[in-house]
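Counting along the sequence shown from 1, when you hit position 40 you're at 40 in UniProt numbering, and nothing is skipped either side.
To be clear, the hints were calculated from the coordinates, so they are not data collected in a lab. There's no promise every hint is true.
As the list claims (entries may be wrong) - Under the rule of at most 25 Å between Cα atoms (straight-line distance), these lysine-lysine pairs were calculated in the PhoX-like manner:
| hint | residue 1 | residue 2 |
| --- | --- | --- |
| 1 | 82 | 60 |
| 2 | 82 | 64 |
| 3 | 57 | 82 |
Claimed, not checked - Quick list of the computed label-pair ranges, beta carbon to beta carbon:
| hint | residue 1 | residue 2 | range |
| --- | --- | --- | --- |
| 4 | 54 | 95 | 15 to 25 Å |
| 5 | 18 | 127 | 47 to 57 Å |
| 6 | 31 | 108 | 24 to 34 Å |
| 7 | 30 | 114 | 33 to 43 Å |
Everything numeric in this text was worked out from a predicted model, so none of it was measured. Every residue gets a Cβ at the ideal spot worked out from N, C-alpha and C, and that includes glycine.
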Amino acid sequence: MRPFNLVNKHGLSNAYTDYLYTYAPRPNCSANEPTCQSQFLFCDLRNGPAHCVSKIKLGKRCEKFIGEDACYMGICLDGYCKLGNATSAMQTACLNDDPCCNLWAKNGECPNNVEYMRMHCRRSCNYCQSTDNRQN
Numbered sequence: 001m002r003p004f005n006l007v008n009k010h011g012l013s014n015a016y017t018d019y020l021y022t023y024a025p026r027p028n029c030s031a032n033e034p035t036c037q038s039q040f041l042f043c044d045l046r047n048g049p050a051h052c053v054s055k056i057k058l059g060k061r062c063e064k065f066i067g068e069d070a071c072y073m074g075i076c077l078d079g080y081c082k083l084g085n086a087t088s089a090m091q092t093a094c095l096n097d098d099p100c101c102n103l104w105a106k107n108g109e110c111p112n113n114v115e116y117m118r119m120h121c122r123r124s125c126n127y128c129q130s131t132d133n134r135q136n
């Protein structure tokens, strides 16, 4: 293979690609600095020393990582990665996103439709505490 002094029997080895590519250093993290500088990785602090691992896909189990940013493009909710913002309910404004939330909450939708109501009707279902006195 030109321009290197290699023949086809070397095709399955790393010899050819080692001339062309270099690898980026492996990202690292610690308990004091739990970021991996990548949207695809998170810092696993569970077993042994902290290390960067791939984020979990939507729909997969994440119950051991609650409170960490372990889900790719989502949040860990009820033990599974689900679509949503990574900001916690504490950081999110305690407001309803839908004008019908108060009515739905009175009709018992908070326990019957937890996933939707937790995302869109936080105030009416008491998933957060508000310091202001607005109705919605």
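Range agreement (Cβ of residue 95 with Cβ of residue 54, hint 15 to 25 Å): 34 Å, violated
Verdict for residue 31, residue 108 (Cβ pair) under range 24 to 34 Å: 43 Å, violated
Pair hint residue 57 and residue 82, alpha-carbon separation not exceeding 25 Å: Roughly 9 Å between the alpha carbons, so the hint for residue 57 and residue 82 holds.
Distance restraint hint 47 to 57 Å, applied to the beta-carbon atoms of residue 18 and residue 127: 54 Å, holds
Given hint residue 64 paired with residue 82 - CA-CA distance at most 25 Å: Given that 25 Å is the threshold and the Cα spacing comes to 15 Å, the pair holds.
Hint consistency between residue 82 and residue 60 [alpha-carbon to alpha-carbon, up to 25 Å]: 8 Å, holds
Distance restraint evaluation - residue 30, residue 114, Cβ atoms, bounds 33 to 43 Å: Given a distance of about 36 Å, which is inside 33 to 43 Å, the answer is holds.
When each numbered hint is compared with the structure, violations occur for hints 4 and 6.
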